[in-house]
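Could you build all of it, start to finish, from the sequences and the hints given here?
Residue numbers (the working numbering), protein chains in the order written: chain P, 34 to 355; chain L, 34 to 355.
Please keep in mind that the hints were generated in silico from the structure rather than gathered at the bench.
Treat the numbers as computed from the prediction; the structure is a model and nothing was measured.
Possibly wrong hints are sitting among the right ones.
Which copy? The list can't say, so a pair holds if one copy fits it or any two copies do.
Listed below are the simulated BS3-like cross-link pairs for lysine-lysine, each with C-alpha atoms no more than 27 Å apart in a straight line [as the list claims (entries may be wrong)]:
#: 1; residue 1: Lys268; residue 2: Lys232
#: 2; residue 1: Lys285; residue 2: Lys264
#: 3; residue 1: Lys182; residue 2: Lys215
#: 4; residue 1: Lys285; residue 2: Lys268
#: 5; residue 1: Lys285; residue 2: Lys325
#: 6; residue 1: Lys332; residue 2: Lys285
Protein chains: 2
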Amino acid sequence: MRIALDAMGGDRAPREQIRGALLAVREFEDLEVSLVGVAEVIEPELRLAGSHPRISVVPAGPAIAMEVAMTMLHNANADAVVSAGNTGAVMASAFFYVGRIRGIERPALALVLPYNAGRVLLIDVGANTDCRPSHLMQFAQMGSAYSEKVIGVRNPRVGLLNVGEEAGKGNELAAEAHERIKECGVNFIGNVEGTEVHKGIADVVVTDGFTGNIALKVGEGIADYLLLTLKGVIKSSPLFIGAALLLKPALKRALQRLQYEEYGGANLLGVNGVVVIAHGRSDAIAIKNALKVARQAAKSGLIETMRQSFARATEATQAAGT
Amino acid sequence: MRIALDAMGGDRAPREQIRGALLAVREFEDLEVSLVGVAEVIEPELRLAGSHPRISVVPAGPAIAMEVAMTMLHNANADAVVSAGNTGAVMASAFFYVGRIRGIERPALALVLPYNAGRVLLIDVGANTDCRPSHLMQFAQMGSAYSEKVIGVRNPRVGLLNVGEEAGKGNELAAEAHERIKECGVNFIGNVEGTEVHKGIADVVVTDGFTGNIALKVGEGIADYLLLTLKGVIKSSPLFIGAALLLKPALKRALQRLQYEEYGGANLLGVNGVVVIAHGRSDAIAIKNALKVARQAAKSGLIETMRQSFARATEATQAAGT
Chain P
34 MRIALDAMGG DRAPREQIRG ALLAVREFED LEVSLVGVAE VIEPELRLAG
84 SHPRISVVPA GPAIAMEVAM TMLHNANADA VVSAGNTGAV MASAFFYVGR
134 IRGIERPALA LVLPYNAGRV LLIDVGANTD CRPSHLMQFA QMGSAYSEKV
184 IGVRNPRVGL LNVGEEAGKG NELAAEAHER IKECGVNFIG NVEGTEVHKG
234 IADVVVTDGF TGNIALKVGE GIADYLLLTL KGVIKSSPLF IGAALLLKPA
284 LKRALQRLQY EEYGGANLLG VNGVVVIAHG RSDAIAIKNA LKVARQAAKS
334 GLIETMRQSF ARATEATQAA GT
Chain L
34 MRIALDAMGG DRAPREQIRG ALLAVREFED LEVSLVGVAE VIEPELRLAG
84 SHPRISVVPA GPAIAMEVAM TMLHNANADA VVSAGNTGAV MASAFFYVGR
134 IRGIERPALA LVLPYNAGRV LLIDVGANTD CRPSHLMQFA QMGSAYSEKV
184 IGVRNPRVGL LNVGEEAGKG NELAAEAHER IKECGVNFIG NVEGTEVHKG
234 IADVVVTDGF TGNIALKVGE GIADYLLLTL KGVIKSSPLF IGAALLLKPA
284 LKRALQRLQY EEYGGANLLG VNGVVVIAHG RSDAIAIKNA LKVARQAAKS
334 GLIETMRQSF ARATEATQAA GT
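Pasting the structure below:
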C-alpha cells in the first residue's frame, strides 16, 4: 500500500506533511508514503524529523508536485493521493490526470463527520456549487457505496439535507432530487433537517456543494465560537479557572470531534482512484488522519465496486435508450 | 404600543404565550398585548397566571386567531403581530391580510443572532427557498434598513454568505447576487464564509432562504450536540461532576446565546407592518423576547422608512423604463 503525499500543498507544507507521514507509517505497518515535491526542501526536513524506511521522496518542482502525485496514481505507482493544496486545484488536477469513473457525471467531495451517534458522511461539501437532481442522485449512490465499503455500514441509510421533513419541501433542486434518490436503489430515508445531521439518523447526508460547504463551515464556526466564548467566560473568575482546569480533558474530548484535524480530509468520490483532500491548515495530526482515510478507501476496493456499479447503470441507460 | 399575539399558535400555546405576555408587559411599561384566540381557553389560564391591566383578550376561533391578529395590524388596531404558529401559515396570512410593501418582490425572514462580537442579522432564514439575484439584492437593502433603524448600527456592513471570499465564487445565484448587491446602495463588504458569520465582520449576512435555513439549523444542531456531548463527558467521572457544578453558570452563559429562546423570533421583512415569527417550541421566555423584538421594530419607524425608500426605488425604475 503506497500513498503519494503532495508534500508542497497546504499552509504548513512541507514540515507538517513530513511529520504527518512519519506518524502514519509508524501507526500502519502496511503503509508506504511517497513524499512528492522539491527534494532539496523535503530531504533536510525529513532527516531532522527522523527518516523511515517506508518513507521515500519523489522529486518534483513546487508547482507540479500535485500533478506528479496524480500521475503516480494513474499509472498505478500509488494506491492513493493525499493533498492539502487548494481544493479547486487538486480537483482539476485529479480530473485531468486520473479522470472520472465511467458513468459519473460529477465527482463530489465527501467528508466523514465523527459524531457520537456514529460516523456521518456528508456529500458534497464543495466540489459542485451548481447541481442538477441527477447529480445529487449520484452523490447518494457514491456516498452509499463509500459508507458500505469503507466505513462498513450495512445497507447505509441515506438522507437528503433539506428544510423540512416532507417530500416536496425545499428548493426546486431538493424537491426534484428527493424523487430521483427515492428511485435510485439506495436505502433512502427521506429529508434530513440541519438540526438532525449530527444525530446519526442517516449514515449518508446528500446535498449540493454550495449548501454542503456552508453547512460544514457554519458548524466549524459555531464550534470555534463556543470554545472561544467558554474560554472567555472561564477567565472571568478564579473559581471558574480552577474548575476548568479539572474539566479541561473532558472539554477537550467533547470539542475535538468537531475539529477539522480529526476529520482526516475529504474524499473526492467519482474520480478513477482514491484522492483525499486535507484542510489547507492541516497539521501533522490532520495529515496523518488524511493518510488513514486514504488507506482505508484504497484497501476497501471502493473504486472497483464503483466502476462496476456505474458501468452497469450506464449500460442499462444506454440499452433503454436504443 | 399594542401587539397582537396569536395565543393559539405554537407547540406550547396558549399557556406559554400567556406567561410570555405577562413577562413582557411587566418589563415594558409602554406595552399592551392583545391575546388573540379562544376566550374560553385563554381567560382561565390568564386568571391562573395572574391577569394584568395591559393584557386583553380578543376572541377568535382556534383556526383563525392568526388571521384576526393580522387584520388588527392591517386596520391599525395593533402595531405589530407575534405568532409562534407554522411559519408557512403565518407568512401566507401576512401576505394576504397585511400585504407587501410596494416595490418589494419577496418578503424575507430576518433573524438577529446575538454573538459576542455583536448582533448579526441573517436574512433570509427560510421564507424563499428559490431566489433570483434581485431578491437577494432586496434582502440586502431590507436587512441594512433593519440593522440601522432597529439595532441602531450606523452604516451597517452587509455581507453575502458564500463559499469563498472572492467575487465570482459560489453558485450562479451567489455570483450574480454579489454584482447586484455591490451596486444597490448598501455598505457591501463582499462575501462572508460560513466560518466567519459569528465573528461579527458583517452586521447583515444575506443568503437565500434554503441555504439560510440549513445554516441556522446546522448551527443550532451543533450547539445542542456540544451541550449533550459535554454533559455525557462530565458524567463520566465524579471529579468532572464537581468541577462542572462550579462551572455551570459559566457554561450556561456561553451556550444560551446560541439557543433559539434568546433570539426572540424572526422578522418577516417586506410586509406592510411588523410581523415576528417565534419558534414553534417557544416557551414564555422566547415569547417575551419575540414581543421585545416586535416592540423594537414597531417603535423604530422601520416600516415607514422601508415604504419610502422602496417607493423611491420603484419610481426610479419606472421612470428609467419610460
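Do the hints match the structure? See the list:
1. Lys268 <-> Lys232: This pair counts as between: shortest inter-copy Cα distance 20 Å, intra-copy 32 Å.
2. Lys285 <-> Lys264: Both, since 12 Å and 13 Å are each at most 27 Å.
3. Lys182 <-> Lys215: Cα proximity of Lys182 and Lys215: one copy only (21 Å, versus 47 Å across).
4. Lys285 <-> Lys268: both (17 Å within a copy, 15 Å between copies)
5. Lys285 <-> Lys325: Within one copy only: 22 Å inside a chain, 37 Å across chains, cut-off 27 Å.
6. Lys332 <-> Lys285: Neither: 31 Å inside a chain and 45 Å across chains, both beyond 27 Å.
When each numbered hint is compared with the structure, a violation occurs for hint 6 only.
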